[in-house]
Amino acid sequence: MQNTELFKKIIAGEIPCEKVYEDETAFAFLDINPVNPGHALVIPKKWSAGFLDADEDTICKLIPAIQ
4 MQNTELFKKI IAGEIPCEKV YEDETAFAFL DINPVNPGHA LVIPKKWSAG FLDADEDTIC
64 KLIPAIQ
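What the sequence shown shows, in this note's numbering, is residues 4 to 70, in sequence order.
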């Protein structure tokens, strides 16, 4: 399964996760294989090929979730 499909299923609640943050733009959850305690993934709800491929509005709205 590609990350894109996996992340869509996590956001939709089809795959369980330990959610730590969610708003209209971002979804954050704890990594199942953390490098350090509290290691979380923050992903946009709107699909893009990569972070730098996302539109400017999405990137600006993700910054508070990343912080």
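Please note that the accuracy of each hint is not assured.
[Claimed, not checked] Between beta-carbon pairs, the in silico distance windows are:
#, residue 1, residue 2, range
1, Asn36, Asp60, 17 to 23 Å
2, Lys11, Asp58, 15 to 21 Å
3, Glu59, Asn39, 28 to 34 Å
[To be verified] Simulated pairs of lysine to aspartate or glutamate, DMTMM-like, Cα-Cα distance not exceeding 20 Å:
#, residue 1, residue 2
4, Lys22, Asp60
5, Lys49, Asp60
6, Lys12, Glu59
7, Lys64, Glu17
8, Lys12, Glu25
9, Lys12, Asp60
Just so you know, the hints here were simulated from the structure itself, not pulled from any lab data. Note that the coordinates shown come from a computational prediction; the quantities given were computed from them, not determined experimentally. The beta-carbon is built from N, C-alpha and C at its ideal position, and this holds for glycine as well.
- Hints the structure fails to honour: As far as the earlier hints go, 1, 4, 6, 7 and 9 are violated by this structure, in ascending order.
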